[in-house]
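A.B. asks: Note that the protein sequences, when read in sequence, are chains R and P.
Counting in the working numbering, the first sequence runs from 1 upward without gaps.
Counting in the working numbering, the second sequence runs from 1001 upward without gaps.
Warning: the hint list may mix true and false statements.
Below are the DSSO-like pairs computed for lysine-lysine, each with C-alpha atoms no more than 30 Å apart in a straight line [said to hold, decoys possible]:
#, chain 1, residue 1, chain 2, residue 2
1, R, K322, R, K384
2, R, K607, P, K1046
3, P, K1132, P, K1020
4, R, K321, R, K310
5, P, K1046, R, K603
6, R, K322, R, K337
7, R, K358, R, K322
8, R, K773, R, K420
9, R, K95, R, K358
10, R, K358, R, K603
11, R, K846, P, K1046
12, P, K1046, R, K291
No wet-lab data here; the hints were simulated from the structure.
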Amino acid sequence: MDELLGEFITETNEFLETVDTQLVVFEADPTDGNTLNSIFRLVHTIKGTCGFLGLPRLQFVAHAGETLLGKFRDGTLVATPDQVQLVLESIDRIKEILAELEATGAEPEGDDSALIGALELAAEGHPAPSAAPAEVEAAAPEPTPEPEIVAAPVVEAAPASSTGLRWDPDLGRELRPGEVSLAELEAAFMSATPDDEVEPVASVLLAPVAAAPVAVELSAPAVERRAAPEMRAIKEDDEDAAAKGGAVSSNQTIRVNVEVLETLMTMVSELVLTRNQLMQMVRNTTDSEFKGPLQRLSAVTAELQDSVMKTRMQPIGSAWKKLPRIVRDAARDLNKKIDLIMDGEATELDRQVLELIKDPLTHMIRNSCDHGLEAPATRVAAGKSEMGSIRLNAYHEGGHIVIEVSDDGAGLSTARIRDKAIKNGLVSEELAWTMSDSQIHRFIFAPGFSTAAAVTSISGRGVGMDVVRTNIELIGGTIDLQSTEGRGTKFFIKIPLTLAIVSALVVGSRQQRFAIPQLSIVELVGAGGASEHKVEVLNSARVLRLRDRLLPLVDLSEVLGVPPLDPIAYETSSAFVVVMQHSGQLFGVVVDEVFDTEEIVVKPLSKALGDVGTFSGATILGDGSVIMIIDPGAVYRRVGQAEEVVEEAVEAVQKKRGQRPETTSMIVFQAGGEQPKAVPLSLVTRLEELDATSFEQGDGRTLVQYRGELMPIVAADPYAPIATTGVQPVLVFTYNGLAAGMAVDKIVDIVDEALDIEMAADRAGLLGVAVLKGKATEVLDVSHYLSLALTNWDDPGVNKPAKHIVLVERNPFFRNLLSPLLRSAGYEVEAVDTVSAALVCAEYRKPSAVLTDIDVDVASARRLLSDDRLAGTSIVALSGSPDADATGFASLVRKSDRDSLIAAVENAAKLEIAA
Amino acid sequence: MTALATRQESELALAKAGTKEFVTVHVADQLFGVEVIDIQDVFSLKGLTPVPGARPEIAGVLNLRGRIVTAIDARCRLGLPTRPQGFAGMMAVGVEYQGEAYGILVDSVGEVLRLSDSDFEPNPVNLNPNWKDVSQGVYRLEGRLLMTLNIDQLLCVATA
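Bound-form chain R, shown alone:
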């Protein structure tokens, strides 16, 4: 019985997959009799087999579904999407029960009467009750107490018996021997199978039998006995269907255990190796009598290898079977119209690979339905047809399979991805703006990246594309995309044909040969010696200058744990750089020798070698020697470490030049001349265009009524007068509740760049000159202008006691920027550039609070925390970024955030009073 059950489950699962696909096809074209017939047969077979095996729940559900299908088939009813949905629901229920059956070996308890009721109602021609699915959900998991087990089937039996009676119209058709459906007739003509006559006869026999046992008798033997002829009839029925061709191909097949195939594969590999050895031997002798037979052996072996490979191959279409149903359900859930087009289903690939790409593919299709395609209304508004299409295409390309998944949806939003990437810290802002659109698009493969505004039940939980990428890379594949905003997105998945045989480059490092999978190799570059490409060294990290890009390098021997050669040796010795790509990162691997590319049979490593981690397997070459296969991921991890060294080196160089990698937003304007001037945007409260005629003179200053108060205005350029007519652009600053305006000629731009100020203190009001957007720009000292505008600007606070504050800031720009700001808030400020200087200050007079920069040197800034000269004093950390590590400090304030800076200082000073 067990064996029978196992076979039934396997078979039924296969049937169900087909039914799913067929139903979606049928829904699209309810007049397609051929499809309907094959669906009907499949459901019928399931029902019959269930009865035979004594599985009442499955049988009743299948029966009710079949009844409805029967109505479609004899034309009594025309299928509506709702009715098809009902049939699909019954298929889902069958799947659920099957899964349980497979797990426990027994049919689970449960009540299907709601579903069956809905199916019957539909079969009677009533519109499907919309509440049915919900009811079904609720009813299914309800556990039935022990005594009710007997009762439950009886309840189910009652509707089933009535459906049995309502089966009559179907029988009526079957009884008329002369009447055959058009489709069958056509098929009969095509195949001309003599058995055709059997079908109606068998059906006649089967019909009453099908109804009877279900209704009354529930004892297993009876069911079994009576169902037996039905079973046979179905078999004939089924074979008939197969013979008629159509969707079901009629190849003669047998089931073979995969293990047998694996063994066969190993044996063939061995045979190939032996043949190679023999060939080698014969090649060395001239005029050998073995030559002829060996040639034949060689040819036969090659053919055998091909055939064995083929046994592992399956058409990719089998991985796609579930997709039409998924797309259909998604379309229904999302209220979209989606057309799924599949090309190249016959493309064959290894069974193992097929299994592994199923999930990523499903995920991608769901993504396309949910995020890729727009809602119908949006599509129409964009001038596209209401029906969105998703196209799947598979084809062979040089030993690989390429699968394209494309949609004609909205495409990827470059701006949104860029913002998100910057926000997630995947890329720095300035770098992001230099990247091409396609480079930006690739960020969607980064971990935890999702731009979906809303999380839906279908997709968008932020674990999307990186999982897809990881899964594909796991089988040695790659994924890339092409997207045009408004036009759609196309993904390219390139995967190896098989995992058993890979194309690999054999390289040598330190007298030993290794294989590197070809799929991860981009190109091969000769380096060192007289080559035009030179290996350069940056703080012990090696890089290669390749087409105006620096490629991080790692020596293969380093990856393998052998100490690398002296970098100076690279100057003279010739080496090869294998340019590889992994996780979207390009890097070079230095090897000593390059031999050849070979098709290698990958063999797994034993557990004893499991902890090595550098290799993904081993292989036997044609000469019989074993070589290890390098895992590209391991090399990538190694490069990651090397990359940090490069970054450190770059940072060190920048520090030496006194340059800060941090950027500052500056507002660039013109005032009194063409030369641009700039002030930090963070200091500006507002940009205003004021009517110059409203300006008034008073106290020797220009004033304007602004927001109910008088605001003084000073000219940015002392030699350029403030306009008296027309519109005057004004930058408004506010400090300590007082506003001041700076009159400028024209606001040019807002730039976000690393400030590299050449200090120039020769003119009051000028901090220095910096290069912004390639132009020398004067950076103005705002505090100077404010002191001109506000007479009480430098007054040490009207109602605040003068508190002493020490500001530690190495950068003169920020030092000059922050000190007046703090002074204006009523503090006495001692601005110093080092921690040591701050501590000296503290010795003379204990400050109320210390503000310290933590970007340049956080370690020395921390010295302030532990020094007892500052015991009890709050230390506030200053940083350019809001998420710098400021543990231990009283608070963290962004340099550009005036208000929180003042608040933090006030807070810190209060703490001091409390202490």
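We have chain R already, so just place chain P on it with the hints.
C.D. replies: Frame of chain R; chain P shown alone:
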């Protein structure tokens, strides 16, 4: 194969008589015995690929009739000095452990001995712990001692 099968049969017959069959191997100067039923093949070492980064007792991998075999250096495993001439000319005892093929590299393989239980003694208490782990006991032979070598224990540390 048939020879081995017959031998197994005869061993069964003799089991009651309290004897066991061992293949003797030399590692450095010491005589060891591996039970015949544990052994799949005995072969001479031809070509060995070192695996960089693997533990020291793993000598490398080799090709045995199309199967990749992980070679374990018995000298290293037993804490004996390495051979000055390297692995060249060594013999290997092929065994199967947890479904994977391993080869234990030894200096030489001797003969098959049928040893009586009466000659068996548990390990002396002062035995080197490295050896205690892999040996169940000692057989007293004429003029020399034979250490038994337990394959499972020899490999379980290697694969741990």
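A.B. asks: It remains to establish, for every hint, whether it holds in the given structure.
C.D. replies: Evaluation of the provided hints:
| no. | hint | verdict |
| --- | --- | --- |
| 1 | R/K322 x R/K384 | 27 Å, holds |
| 2 | R/K607 x P/K1046 | 23 Å, holds |
| 3 | P/K1132 x P/K1020 | 20 Å, holds |
| 4 | R/K321 x R/K310 | 21 Å, holds |
| 5 | P/K1046 x R/K603 | 19 Å, holds |
| 6 | R/K322 x R/K337 | 18 Å, holds |
| 7 | R/K358 x R/K322 | 9 Å, holds |
| 8 | R/K773 x R/K420 | 25 Å, holds |
| 9 | R/K95 x R/K358 | 19 Å, holds |
| 10 | R/K358 x R/K603 | 24 Å, holds |
| 11 | R/K846 x P/K1046 | 80 Å, violated |
| 12 | P/K1046 x R/K291 | 27 Å, holds |
Comparing the model with each earlier hint shows a violation of hint 11 alone; every other hint is respected.
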